[in-house]
Amino acid sequence: MKTIRIEYFAILRERAGIADEVLQTAADTPAQLYSELELRHDFPARETLKVAVNDEFGSWDMHLQDGDRLVFIPPVAGG
Amino acid sequence: MTFRIESEALQPETWREDLQSPLCGAYASFEGWVRDNNDGHDVHKLEYQAYEALALKEGQRILAEAAKKFPIERALCVHRVGELVIGDLAVWVGVSSAHRDEAFRACRFIIDEVKHRVPIWKKEHYSDGDSGWVNCEACAAHDD
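Line by line, the protein sequences give chains A and B.
For the first sequence, my numbering assigns the number -19 to the initial residue and increments by one for each residue that follows.
For the second sequence, my numbering assigns the number 85 to the initial residue and increments by one for each residue that follows.
None of these hints come from the bench; they were simulated from the model.
Wrong hints could be hidden among the right ones.
Taking lysine-lysine and the PhoX-like style, the derived pairs with C-alpha atoms no more than 25 Å apart in a straight line are [to be verified]:
{"#": "1", "chain 1": "B", "residue 1": "Lys141", "chain 2": "B", "residue 2": "Lys207"}
{"#": "2", "chain 1": "A", "residue 1": "Lys(-18)", "chain 2": "B", "residue 2": "Lys152"}
{"#": "3", "chain 1": "B", "residue 1": "Lys199", "chain 2": "B", "residue 2": "Lys153"}
{"#": "4", "chain 1": "B", "residue 1": "Lys129", "chain 2": "B", "residue 2": "Lys207"}
{"#": "5", "chain 1": "B", "residue 1": "Lys152", "chain 2": "B", "residue 2": "Lys199"}
{"#": "6", "chain 1": "B", "residue 1": "Lys153", "chain 2": "B", "residue 2": "Lys141"}
{"#": "7", "chain 1": "B", "residue 1": "Lys199", "chain 2": "A", "residue 2": "Lys30"}
{"#": "8", "chain 1": "B", "residue 1": "Lys207", "chain 2": "A", "residue 2": "Lys30"}
{"#": "9", "chain 1": "B", "residue 1": "Lys152", "chain 2": "B", "residue 2": "Lys141"}
So that you can see chain A by itself, here it is in the shape it has in the complex (with noise of 0.2 Å):
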């Protein structure tokens, strides 16, 4: 098991009701974890989504490491 902390921005801190949490999942991939997260929160579904660990851009399909830091990145609009 891992231990990894999420944080949440925009509709998706609106549908958790909290801005962030550490899990402990067996999760590999950012991918898994959502999938996990996506039923527990009512998450919008994955297609439109980015993903960030540890504060840089990164990929679904990457493996997870013990103590990383995870932001799904809803579809953005700044400006």
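Let chain A serve as the given structure and place chain B on it in line with the hints.
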């Protein structure tokens, strides 16, 4: 080349001077303001949220790309977060360069890339009490 995020009202009055240089014969700036409507909805306020650690890195990368792509001298982009009302300044871009063409083009490049790439989100609050995260409601529509 600096990208910043600020949570208080943007005060761009002095930023123009920061971009001045004896090498520069041109300066272009862009201001993005909060307007009172979007997609047929009456908007009465906006809320911007940023994933600051990554937003600052990505914003800085955009400015570096602009400097590589166009022969500009200095550039600054500042994005506001928090609650904004109609007429408030949400984003400011300024570029100085030897000639006007690259100042205009770099300014346009920076604001376009910032809107598409920097992890900042905008929630619109409508006059009818409804609200929504811009660009996110469609992706979340399946479970509404």
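Status of each hint after checking the structure:
With a C-alpha separation of about 23 Å, the suggested pairing of Lys141/B with Lys207/B holds against the 25 Å cut-off. For the suggested pair Lys(-18)/A and Lys152/B, the alpha carbons sit about 41 Å apart, so the restraint of at most 25 Å is broken. Distance check on the hinted pair: Lys199/B and Lys153/B sit about 18 Å apart at the alpha-carbon level, within 25 Å; holds. Taking the CA atoms of Lys129/B and Lys207/B, the gap is near 9 Å; set against the 25 Å cutoff, the hint holds.
Of the pairs offered as hints, the one joining Lys152/B and Lys199/B holds, with about 19 Å between alpha carbons and a cut-off of 25 Å not exceeded. With a C-alpha separation of about 18 Å, the suggested pair Lys153/B and Lys141/B falls inside the 25 Å cut-off, and the hint holds. A distance of roughly 15 Å separates the Cα atoms of Lys199/B and Lys30/A; the hinted pair therefore holds under the 25 Å criterion. For the hint pairing Lys207/B with Lys30/A, the CA-to-CA distance comes to about 19 Å; that is within 25 Å, so the pair holds.
Restraint check for Lys152/B and Lys141/B: satisfied, since their Cα atoms lie roughly 17 Å apart, inside the 25 Å limit.
Checked against the numbered hints listed earlier, the structure breaks hint 2 alone; every other hint is satisfied.
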